[in-house]
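Colleague: Following the hints, put chain X in place on chain C, whose structure we already have.
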Amino acid sequence: MAEGGPGAPGPSADAGRGSRALGNRGVLVSSASTVLFFAVIALIVALSPGSEVVAERFFNPKNLWQSLVGSTGNPSVLGAFLLNVKIFLVAEVLILVLALVIAVVRGIPGPVFFPFRLLAIVYTDLFRGVPLILVLYMIGFGVPGLGLPVVSYLPDVIYGVISLVLVYSAYVAEVYRAGIESVHESQNAAARSLGLTRWQSLRFVVLPQAIRRVIPPLLNDFIGLQKDTALVSVLGSVEAARAAQIYSASEFNYASYVVAALLFVLITIPLARFTDRLIARDKRRREAGALA
Amino acid sequence: MRRRISLIGFLLVAMLLVGCGGQSAEESGATDRCEMDDPPLYTEGVLTVATDRPAYPPWFKGSPKDYSGYEGDVAKEIAKRMDLPIKWVVEPFNKSYAPGAKDFDFDINQITITPQRKQAVEFSQGYFANAQGILVMKDNPAADAESLSDLKNLTIGAQVGTTALDFVNETVEPAEDPKVYDTTNDAKSALESGQIDVFVTDLVTTVYLRDFEIDGSTVIGKYPRSEQFGILLQKGNPLVGCVNEALTLMKQDGTLEELQKEHLQQYLDVPTLEK
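For the record, the sequence lines run as chains C and X. According to my numbering, numbering within the first sequence proceeds without interruption in unit steps and concludes at 304. According to my numbering, numbering within the second sequence proceeds without interruption in unit steps and concludes at 288.
Here chain C stands alone, though its shape is the one from the complex (with noise of 0.2 Å):
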């Protein structure tokens, strides 16, 4: 079959091809039972008992818009999900760079290096192993209790986003591990014989192949990060969680929460179709490769 070229749209050809493999009557079909589906939700949520007490406290436009923009008294929703924004984008760089480190030298053959590839293996078992809110406690408070210079008095934001950085580099190390180690010995002894150092056969030709492959992995527990920031709050900074949370427990409705919910969502969608069209496009290229 042939596949569209660099320029084609990954998604929308896969749901052209889905919609003629379904027929007309699979369309159809498709579409009652989804109307259908979410008829009986809203059912089941509108005829309970409580639904006209769930929709004040949860769905008035007046408390979603003030929550959203902010009254006297209490943040807006929307302003401190920019600190989200930024803790997200501040973390990200941080857990590449880390992580790849970390999984570069688990890698490291030979004995001399054996302390080096132990290390890495007593950090990402730790970090991955301890929940995150533990390690922002441990971070957020227990370094500004030693009392050191500098490292204790730093902005409670900064100790979040250490903290994010130490748990989340883990995972991330083990998702570049499996993408060098699914690059095949040969490629590595192909480099070597070709006159290239063990530093340059995996800068040049084991990385490139790796990291590509791990990409979609990469952007799921970026997704995950994403939602994760809103724990810094924990530490004392109002991001959007927490400035749902002061909304709520000052007027006692759950709105600001659909808000803060809806912001995450918003953000998180263009990540995930991003990851679905690199994974399509991975998909896409393998396959011509077979053929070819």
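Among these hints, one or two may not hold up.
Each computed DSS-like pair below joins lysine-lysine, with the alpha-carbon atoms no more than 27 Å apart [stated by the list, open to error]:
id: 1; chain 1: X; residue 1: 131; chain 2: X; residue 2: 151
id: 2; chain 1: X; residue 1: 89; chain 2: X; residue 2: 274
id: 3; chain 1: X; residue 1: 131; chain 2: C; residue 2: 74
id: 4; chain 1: X; residue 1: 165; chain 2: C; residue 2: 98
id: 5; chain 1: X; residue 1: 89; chain 2: X; residue 2: 78
id: 6; chain 1: C; residue 1: 98; chain 2: C; residue 2: 239
id: 7; chain 1: X; residue 1: 151; chain 2: X; residue 2: 100
id: 8; chain 1: X; residue 1: 264; chain 2: X; residue 2: 93
id: 9; chain 1: C; residue 1: 239; chain 2: X; residue 2: 93
id: 10; chain 1: X; residue 1: 78; chain 2: C; residue 2: 74
id: 11; chain 1: X; residue 1: 100; chain 2: X; residue 2: 274
id: 12; chain 1: X; residue 1: 288; chain 2: X; residue 2: 264
Bear in mind the hints are in silico, worked out from the structure with no lab data behind them. Since we're looking at a predicted model, the values are computed, not measured.
Modeller: For chain X alone, kept in the frame of chain C given last:
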């Protein structure tokens, strides 16, 4: 009765089909009378009283099965006047105002009565006039503050969900956004380690922290805001009538004042800060 369209927006178009829902507890109001010798209860024969955990002295003292302390004793006194035994249950503050049936008769947890909150829950009359207290470390420049305006350029912390946070935002109006913590304990750690210069919370708690928890701290002043702590009930729960009747009696015969003297007096003697 028109329904809110926004809910539907979120839960997809199909909801528009529906005309009317169940009878709402919000609408009925607390019009039913409450008989002191036969109050409407969550569990027959027992007064189920809720508070958050951990519960802090001097509001609560003793075991969670049989609290004393100021709020513990106020609840006990109300139960005594209805001639009922008390059963204590745990209710996190953030859940106490959720829609739906409550798992308790009433919740007593230093909850300030405000007009917005009244739209969502039923409040009893006030049982304590709250003031905000301002806690700082003695070796911090904040200790020299003589008025609220001296606090403007400092890092201020407060606990989420407290009127102290509203007070900071509305009255102190600091240059830097206040830091907000989940619990008193987190705010306490932040104050001790210098992450915040000032911790604002209700006066009694600040003095308690100064005297029993944080060495080297001091309360530089209080700021009264004509706030009252109220007992929280399900919106429309007629039991509020009985709770109010009991509180009125306790105010008339001096019981409430005596309980305040016994539990809170030592915490209230703090100078008032100028704005």
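Colleague: Take a quick look at whether residue 78 of chain X and residue 74 of chain C sit within 27 Å of each other, Cα to Cα.
Modeller: 42 Å, violated
Colleague: Are the Cα atoms of residue 89 of chain X and residue 78 of chain X separated by 27 Å or less?
Modeller: Roughly 12 Å separates the two Cα atoms, so the pair holds.
Colleague: Straight-line Cα separation of residue 264 of chain X and residue 93 of chain X no greater than 27 Å?
Modeller: 15 Å, holds
Colleague: Is the straight-line distance between the alpha-carbon of residue 239 of chain C and that of residue 93 of chain X 27 Å or less?
Modeller: 49 Å, violated
Colleague: Check whether the Cα positions of residue 131 of chain X and residue 151 of chain X lie no farther apart than 27 Å.
Modeller: 39 Å, violated
Colleague: Does residue 274 of chain X sit within 27 Å of residue 89 of chain X, going by the straight-line distance between their CA atoms?
Modeller: 17 Å, holds
Colleague: Between residue 165 of chain X and residue 98 of chain C, is the straight-line Cα distance small enough, at 27 Å or below?
Modeller: Status holds; Cα separation ~26 Å.
Colleague: Does the alpha-carbon distance linking residue 288 of chain X and residue 264 of chain X stay inside the 27 Å limit?
Modeller: Not satisfied, since the Cα-Cα distance of roughly 31 Å exceeds 27 Å.
Colleague: Run the distance test for residue 98 of chain C versus residue 239 of chain C: straight-line Cα separation, threshold 27 Å.
Modeller: Holds, at roughly 13 Å.
Colleague: Does the alpha-carbon distance linking residue 131 of chain X and residue 74 of chain C stay inside the 27 Å limit?
Modeller: This hinted pair holds, its Cα atoms lying about 17 Å apart.
Colleague: Within 27 Å, alpha carbon to alpha carbon, are residue 100 of chain X and residue 274 of chain X?
Modeller: 25 Å, holds
Colleague: Checking one constraint from the list: CA of residue 151 of chain X to CA of residue 100 of chain X, max 27 Å. Satisfied?
Modeller: 42 Å, violated
This entry does not satisfy hints 1, 7, 9, 10 and 12, going by the numbered hints stated previously.
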